[in-house]
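Model the full structure from these sequences, guided by the hints.
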Amino acid sequence: MILPQLEEDRHGAEVVGMFFFEDNTFALLKGHPLSARLQAVAQNKSILLMGCDQCCYEREIADKLIDGACIGCFPDLYKALSGNMPDQVITL
Amino acid sequence: LRCGTRDHMDAIVTNGCCAPGEPCGGGSRLSVIDYIERGLSRRRQPLLPISGEVRRDHERRIAQFSLQLEGLVVRSISFRSSACSTLIAFCEALSECATGLTLEAAGRVRPPQLVAALPAIPPYKRSCAVLAIAAFLSAVQNASGDL
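First to last, the protein sequences are chains A and B.
1 is the number of the first residue of the first sequence in our numbering; add one for each residue after it.
93 is the number of the first residue of the second sequence in our numbering; add one for each residue after it.
Because the hints were derived from the structure by calculation, they are not lab data.
Don't take each hint at face value.
[Unchecked claim] Negatives, chain A to chain B, calculated, CB over 12 Å:
hint, residue
1, Gln5
2, Glu7
3, Glu8
4, Asp9
5, Glu14
6, Ala27
7, Asp87
8, Val89
9, Thr91
[Said to hold, decoys possible] Short, incomplete list of chain B residues facing chain A, as computed with Cβ under 10 Å:
hint, residue
10, Ser123
11, Arg153
12, Thr178
On a predicted model such as this, the values are computed, not experimentally measured, just so you know.
The beta carbon of each residue, even a glycine, is placed where N, CA and C say it ideally should be.
What follows is the structure in structure tokens.
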């Protein structure tokens, strides 16, 4: 429900980044039903979109992600968020 | 086109895969995850007799290569690296491509060749190739000095 809430601007918390693992990385793939919506929300709200690099390599989608999404590992994630560190981390 | 020769490496760089029927299992495109999986295995192997310096990049990643020579030819390659999938893939691709090269040929390998061998790696992750090459050339340099 996070994505619809963000789209409706009523999630209740400022989301600074979303990190995707395993098959969830497909949500960042160009052409995926969710990816365009994620891209729009991320652009509007300056949300970092990052997929686990090894997960993306394994699925051969590392070079097929939507514009604005990137791949990386934890050091990349922490560095990317270092200017606006989250107060809470939610894992789904 | 023998596996591990300069021509073999050039073929990988040009085509992204080896020629069908080659001893390295050519004919199928070499994916990044294939290199990662083989690289994870190789980086657990012990260092070989001739080691290069440990090289670091601005992200505090490290890489170190070691070589075993047979005359002037690089017969085996091993490496150590940080736990970074992209770096491991580049190190493994380099290990596979440079095995069988002469020291002279191995010393001419440069980052653009390695980057071209793994085109699926996004541009912003390709700096790992620079680290891999720097570490590899250090080992080649030490090997050349030992002759």
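(message) Please verify that the nearest CB of chain B lies beyond 12 Å from A/Glu7's CB.
(response) It holds; A/Glu7 is separated from chain B by about 27 Å at its closest Cβ, greater than 12 Å.
(message) Min Cβ distance, B/Ser123 to chain A: is it shorter than 10 Å?
(response) 6 Å, holds
(request) Please settle this one: A/Asp9 was flagged as non-interface, so is its CB more than 12 Å from every CB on chain B? (result) 30 Å, holds
(request) Classify the label on A/Thr91 as holds or violated, using whether its beta-carbon is more than 12 Å from each beta-carbon of chain B. (result) Given that every Cβ of chain B is farther than 12 Å from that of A/Thr91, nearest at about 21 Å, it holds.
(request) Measuring Cβ to Cβ, find out whether A/Gln5 lies farther than 12 Å from everything in chain B. (result) Check passes; 30 Å lies beyond 12 Å.
(request) Mind verifying the non-interface call on A/Val89? Its CB should be farther than 12 Å from each CB in chain B. (result) Holds: least Cβ distance 21 Å, greater than 12 Å.
(request) Would you check whether B/Arg153 satisfies its interface hint, that is, whether its CB is within less than 10 Å of any CB in chain A? (result) 8 Å, holds
(message) Given a cut of 10 Å on the nearest C-beta pair, is the interface hint for B/Thr178 held or broken against chain A?
(response) For B/Thr178, the interface hint holds, since the closest Cβ of chain A sits about 6 Å away, which is under 10 Å.
(request) Would you assess whether A/Asp87, listed as outside the interface, keeps its beta-carbon beyond 12 Å of every beta-carbon in chain B? (result) 25 Å, holds
(message) If we take the beta carbon of A/Glu14, is the closest beta carbon in chain B still more than 12 Å away?
(response) 25 Å, holds
(message) A cut-off of 12 Å on Cβ-Cβ distance, and A/Ala27 was said to be off the interface with chain B. Does that hold?
(response) Answer for A/Ala27: holds, closest chain B Cβ roughly 17 Å.
(request) With 12 Å as the threshold, tell me whether A/Glu8 passes as away from chain B on beta-carbon distances. (result) 32 Å, holds
Violated hints for the displayed structure: none, as all numbered hints are satisfied.
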